[in-house]
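Chains as they are written, first to last, in the UniProt record's numbering: chain A, 1 to 383; chain B, 1 to 399.
Hint data in this document are derived by calculation from the structure and do not stem from the laboratory. It is possible that part of the hints are untrue.
[As the list claims (entries may be wrong)] Lysine-lysine pairs mimicking DSSO-like chemistry, simulated, CA-CA at most 30 Å apart:
1. A/Lys-90 - B/Lys-27
2. B/Lys-181 - B/Lys-231
3. A/Lys-156 - B/Lys-341
4. A/Lys-291 - B/Lys-62
5. B/Lys-171 - B/Lys-78
6. B/Lys-231 - B/Lys-62
7. A/Lys-291 - B/Lys-311
8. B/Lys-217 - A/Lys-90
9. B/Lys-180 - B/Lys-255
[Stated by the list, open to error] Cβ pair distances, simulated, as ranges:
10. B/Ala-147 - A/Pro-345: 38 to 46 Å
11. B/Pro-366 - A/Pro-170: 45 to 53 Å
12. B/Glu-102 - A/Val-139: 33 to 41 Å
13. A/Phe-343 - B/Val-368: 57 to 65 Å
14. A/Gly-296 - B/Pro-366: 37 to 45 Å
15. A/Gln-253 - B/Met-313: 47 to 55 Å
16. B/Gly-76 - A/Pro-96: 30 to 38 Å
17. A/Leu-342 - B/Thr-26: 50 to 58 Å
18. A/Pro-170 - B/Leu-392: 33 to 41 Å
19. B/Gly-72 - A/Lys-356: 56 to 64 Å
20. B/Asn-396 - A/Gln-253: 36 to 44 Å
21. A/Leu-342 - B/Asp-297: 46 to 54 Å
[To be verified] Some chain A residues flagged as far from chain B (calculated, every beta-carbon gap over 12 Å):
22. Arg-154
23. Ala-302
24. Phe-322
Each residue gets a CB set at the ideal place from its N, CA and C atoms; glycine is no exception.
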Amino acid sequence: MRFLFKTDYEDDIKLFPHSGYLVSYGILLALLLIAPYVLSSYLMSQLVFVCIYATVGVALLILTGFTGQASLGHAAFLAIGAYTAAYLQKYNVPFPVYFLAAGLLTGCIGAMVGFPALRLQGIYLVIATISFALIVEEVLARWESVTNGNEGMRVKTLSLLGVAVPRDSPTFYFLCLAVLVLTIVGTLNLLRSPTGRAFVAIRDSETAARSMGVNVALYKVKSFAISAAITGFAGVLFAHKLSFISPEMFTLQLSIEFIIVILIGGSFSLHGAVLGAIFIVMIDPFLTYLKDDMPGIIAGIAAAFGAGAQEAADVQSRVAAFASLNGLKGAIYGIIIVLFVLFEPLGLYGRWLKIKLFFQLFPLYKRATFKRQKIYVKSERNR
Amino acid sequence: MSKSFRAFGLAVSAVVLTHLPAAAQTKVTNEGISASEIVIGTHQDLSGPIKGWGVPVANGMKMATEEINVSGGINGRKIKLVVEDSGYDPKKAVLASQKLIERDKIFAMVGPMGSPTVLAAQDILLDAGVLQLFPLTAAEFTFKFDAAKPQERLKFNNLLPYVESTRAALKYMIETKNFKKPCIMHQDDEYGKNVLDGFNQQLAVMKVQPASITSYKRGASDFSAQVAKMKSDGCDLVVLGAVLREPIGTMSEAKKLGWEVTFLGATPVNVLEVPALGKEVVEGLYAASNFEIPYEDTAKGKVKDWLVNYKKMFNADANTQAIIGYNAVMTFAHYANKAGKDLTGQKMLDALESGDKFQDIFNSPPTVFSKTNHLATTVTQVQQVKNGRWVLVKDNLMF
Chain A
1 MRFLFKTDYE
11 DDIKLFPHSG
21 YLVSYGILLA
31 LLLIAPYVLS
41 SYLMSQLVFV
51 CIYATVGVAL
61 LILTGFTGQA
71 SLGHAAFLAI
81 GAYTAAYLQK
91 YNVPFPVYFL
101 AAGLLTGCIG
111 AMVGFPALRL
121 QGIYLVIATI
131 SFALIVEEVL
141 ARWESVTNGN
151 EGMRVKTLSL
161 LGVAVPRDSP
171 TFYFLCLAVL
181 VLTIVGTLNL
191 LRSPTGRAFV
201 AIRDSETAAR
211 SMGVNVALYK
221 VKSFAISAAI
231 TGFAGVLFAH
241 KLSFISPEMF
251 TLQLSIEFII
261 VILIGGSFSL
271 HGAVLGAIFI
281 VMIDPFLTYL
291 KDDMPGIIAG
301 IAAAFGAGAQ
311 EAADVQSRVA
321 AFASLNGLKG
331 AIYGIIIVLF
341 VLFEPLGLYG
351 RWLKIKLFFQ
361 LFPLYKRATF
371 KRQKIYVKSE
381 RNR
Chain B
1 MSKSFRAFGL
11 AVSAVVLTHL
21 PAAAQTKVTN
31 EGISASEIVI
41 GTHQDLSGPI
51 KGWGVPVANG
61 MKMATEEINV
71 SGGINGRKIK
81 LVVEDSGYDP
91 KKAVLASQKL
101 IERDKIFAMV
111 GPMGSPTVLA
121 AQDILLDAGV
131 LQLFPLTAAE
141 FTFKFDAAKP
151 QERLKFNNLL
161 PYVESTRAAL
171 KYMIETKNFK
181 KPCIMHQDDE
191 YGKNVLDGFN
201 QQLAVMKVQP
211 ASITSYKRGA
221 SDFSAQVAKM
231 KSDGCDLVVL
241 GAVLREPIGT
251 MSEAKKLGWE
261 VTFLGATPVN
271 VLEVPALGKE
281 VVEGLYAASN
291 FEIPYEDTAK
301 GKVKDWLVNY
311 KKMFNADANT
321 QAIIGYNAVM
331 TFAHYANKAG
341 KDLTGQKMLD
351 ALESGDKFQD
361 IFNSPPTVFS
371 KTNHLATTVT
381 QVQQVKNGRW
391 VLVKDNLMF
């Protein structure tokens with residue numbers, strides 16, 4: 001077990017508290033960098049979606065996880081980013097310009113949403129963000145001169161400095177990875193700055209934050225704007241990855257997926273956004289993989305336990321029939337989410353921390369370590 | 001020195017020249033064809049908002065596959081059909097298509113479901129040289145192709161496009177019944193927009209002014225405002241760019257108001273569920289359609305056997321969706337058969353473009369493609385609900 005001895009504030013805000021972090025993140029980065037040369041493009045596509053979803057997850061964490069403002073409107077921010085890119089691309093605006101423009105515009109709109117949201121709390125804020133998402137969806141369907149309405153827009157292949165970057169190329173993956181890494185590093189720094197501290201203070205107790213001199217309104221709007229801008233950047237990548245966007249892609253369903261990202265991943269740390277994104281994107285391909293391969297594996301096990309060839313084939317066809325039942329994947333997916341919410345409210349990252357601590361403290365691990373310590377003042381409990 | 005340079009130059013230009021025509025050639029994959037098997041793939045919505053289409057279509061495809069395999073396959077090769085669930089989510093459709101190409105090594109994508117899902121995954125298929133055959137969306141991008149882009153030749157569709165079928169049916173209705181004030185109520189999405197386009201184009205050609213244009217959100221269940229508006233605008237024909245529940249909802253609303261008006265649905269209205277659920281409310285409803293819907297007690301011969309087999313296999317009544325899925329695989333099998341024993345991607349493409357006719361067992365208009373036309377048919381029928389059943393009013397309609 002390692003004890004970190006901190007002597008001043010600089011030690012407390014280090015991005016890498018000790019050399020172990022550098023080594024493990026270095027290895028992770030190296031693996032991510034060689035991935036496109038080792039993995040199939042099917043897996044690489046999944047990784048690209050993980051990067052995009054994780055970027056949105058980080059954005060949502062800033063707003064929901066750290067500022068305590070729930071949002072079911074992030075699909076709309078993603079849509080604004082995606083449509084800005086698709087629209088500007090039509091006029092041959094270069095990628096860096098429309099990428100930044102998309103983030104900027106989405107950020108401004110996020111701030112505009114933030115203002116009315118100042119007076120709303122909890123479930124009412126969620127309703128407000130849902131209405132915002134519905135308005136955006138409606139605008140996208142109606143404003144045909146810009147968005148092409150319900151017919152949707154084709155998004156041309158990304159062109160970076162005159163070089164085409166197809167959506168399946170390693171370069172596109174590196175671009176998505178770079179956006180994610182920059183977002184994470186930026187957010188880590190943000191959280192160590194006075195702004196980030198103010199966000200967390202607002203989350204923990206608005207009254208306490210205000211009495212400490214935090215301008216709650218200003219920081220809430222800032223949080224909305226930053227979160228929206230990052231989602232807008234992700235929207236540009238999303239549009240390029242799908243090569244086609246239409247209003248029906250950016251529905252409440254997608255916003256719920258983003259909330260699930262941080263719920264499953266863990267809403268108290270940025271790790272949660274990445275782990276949640278991996279879950280959301282890869283669970284479906286993983287279940288597909290099980291569907292295809294489990295029947296053969298189970299038949300193999302049956303044969304190993306002395307079943308005849310005929311019996312093994314019989315078992316295989318029965319398992320295959322069960323595995324390809326319609327909606328089975330959806331049911332499994334739903335059950336996993338329910339189990340997580342019930343038994344692991346800290347999400348995947350919380351589970352990982354518990355496992356790590358269990359081994360570090362073995363045999364002295366106490367369950368109560370992760371018990372919720374915070375006790376709210378009565379006036380804030382029911383908001 | 002200069003000699004070797006010239007030789008080098010000649011060599012380079014020779015290489016360039018021999019490769020230029022090759023670059024303009026369509027690349028078609030030969031993956032998925034083995035001595036005993038042809039692997040085809042599809043992605044369907046088995047769990048999302050349009051699973052009412054995805055599930056029966058997948059069933060129809062499975063049934064066709066089984067029938068072909070039982071009767072000896074295609075030139076001795078069995079068909080292996082791999083079905084993936086997209087849940088009508090373009091992201092999942094992209095991943096499913098990549099999985100089908102890389103893991104299952106499909107030869108062709110047959111009957112994939114939905115406009116955004118098919119469009120998001122389209123380039124991936126075409127770039128890999130995989131044929132995109134008969135998708136379950138009648139949008140233009142599934143058959144219109146740019147001759148300058150060779151990979152686009154891999155797209156074929158056999159569904160009746162919404163624009164063309166709406167135009168043909170509307171033309172017939174206005175010409176025979178002399179309607180003066182046609183209106184439209186359409187679903188607020190890409191499909192509804194297609195029907196609206198067809199409606200507007202045909203009225204412009206016939207120099208008739210639309211009396212009223214209204215829309216509704218997908219999933220809406222209350223149409224009182226739309227019906228009241230159309231009634232006050234004095235419509236005598238209402239075109240429904242709707243799917244399943246909406247024609248029933250709209251017509252019962254009109255009945256409630258005591259409004260006698262004629263309704264004409266676009267092709268997706270022409271499904272068994274509409275008269276089955278709507279009962280007497282939808283009596284007299286017209287719809288554009290592609291082929292006659294068979295009923296078990298009146299069907300004869302092959303169609304009768306088909307209906308009985310389907311029920312036995314899936315424990316559900318066959319519907320239009322199942323027929324479309326069944327036909328997608330059957331059409332594939334017809335052209336794969338024609339491509340011959342030594343099937344390759346190029347031979348399949350040639351067979352599809354050969355102009356050879358495919359006639360299904362349901363007496364649909366024949367399927368024919370050519371080098372310039374990758375849309376099977378635009379011949380439309382008009383049917384009407386009489387005594388709870390769809391009955392043919394007029395076929396062989398064009399606009």
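Here's how the hints hold up against the structure:
1. Proposed proximity of A/Lys-90 and B/Lys-27 is supported: the alpha carbons are some 29 Å apart, at most 30 Å.
2. Between the alpha carbons of B/Lys-181 and B/Lys-231 the distance comes to roughly 11 Å, so the proposed pair stays at or under 30 Å and holds.
3. Only pairs whose Cα atoms come within 30 Å are accepted, and A/Lys-156 paired with B/Lys-341 is rejected, the gap being roughly 40 Å.
4. Our distance criterion of 30 Å between C-alpha atoms is met by A/Lys-291 and B/Lys-62, whose separation comes to about 17 Å.
5. The straight-line distance between the Cα atoms of B/Lys-171 and B/Lys-78 is roughly 45 Å, outside the 30 Å bound, and the hint therefore fails.
6. Taking the CA atoms of B/Lys-231 and B/Lys-62, the gap is about 45 Å. The hint is violated against a cut of 30 Å.
7. Using a Cα cut-off of 30 Å, the hinted pair A/Lys-291 and B/Lys-311 holds, with the two alpha carbons roughly 26 Å apart.
8. For the given pair, B/Lys-217 sits about 29 Å from A/Lys-90 by alpha-carbon distance, which is consistent with the 30 Å threshold.
9. Under the criterion of a C-alpha separation no larger than 30 Å, the hint pairing B/Lys-180 with B/Lys-255 is consistent with the structure, at around 21 Å.
10. Between B/Ala-147 and A/Pro-345 the C-beta distance comes to about 58 Å, which lies outside the given range of 38 to 46 Å.
11. At about 47 Å, the beta-carbon gap between B/Pro-366 and A/Pro-170 stays in the expected band of 45 to 53 Å.
12. Against the hinted window of 33 to 41 Å, the Cβ-Cβ separation of B/Glu-102 and A/Val-139 comes to about 38 Å, which satisfies the hint.
13. The hinted window of 57 to 65 Å between A/Phe-343 and B/Val-368 holds, with their beta carbons roughly 60 Å apart.
14. For A/Gly-296 and B/Pro-366, the hinted distance range of 37 to 45 Å is satisfied, since their beta carbons lie about 42 Å from each other.
15. Look at A/Gln-253 against B/Met-313: about 32 Å separates their beta carbons, and that is not inside 47 to 55 Å.
16. The beta-carbon spacing between B/Gly-76 and A/Pro-96, approximately 56 Å, falls outside the hinted interval of 30 to 38 Å.
17. Taking the beta carbon of each, A/Leu-342 and B/Thr-26 are about 54 Å apart, inside 50 to 58 Å as hinted.
18. One distance hint, 33 to 41 Å for the beta-carbon pair A/Pro-170 and B/Leu-392, is violated here, with the actual separation near 56 Å.
19. At about 60 Å, the CB distance of B/Gly-72 to A/Lys-356 agrees with the hint of 56 to 64 Å.
20. A beta carbon spacing of about 42 Å between B/Asn-396 and A/Gln-253 agrees with the range 36 to 44 Å that was offered as a hint.
21. The supplied range of 46 to 54 Å is met by A/Leu-342 and B/Asp-297, whose beta-carbon atoms lie about 51 Å from each other.
22. The Cβ of A/Arg-154 sits about 8 Å from the closest Cβ of chain B, inside the 12 Å cut-off, so the non-interface label is violated.
23. No beta-carbon of chain B comes within 12 Å of the beta-carbon of A/Ala-302; the shortest separation is about 23 Å.
24. At roughly 15 Å from the closest C-beta of chain B, the C-beta of A/Phe-322 stays outside 12 Å, upholding its exclusion from the interface.
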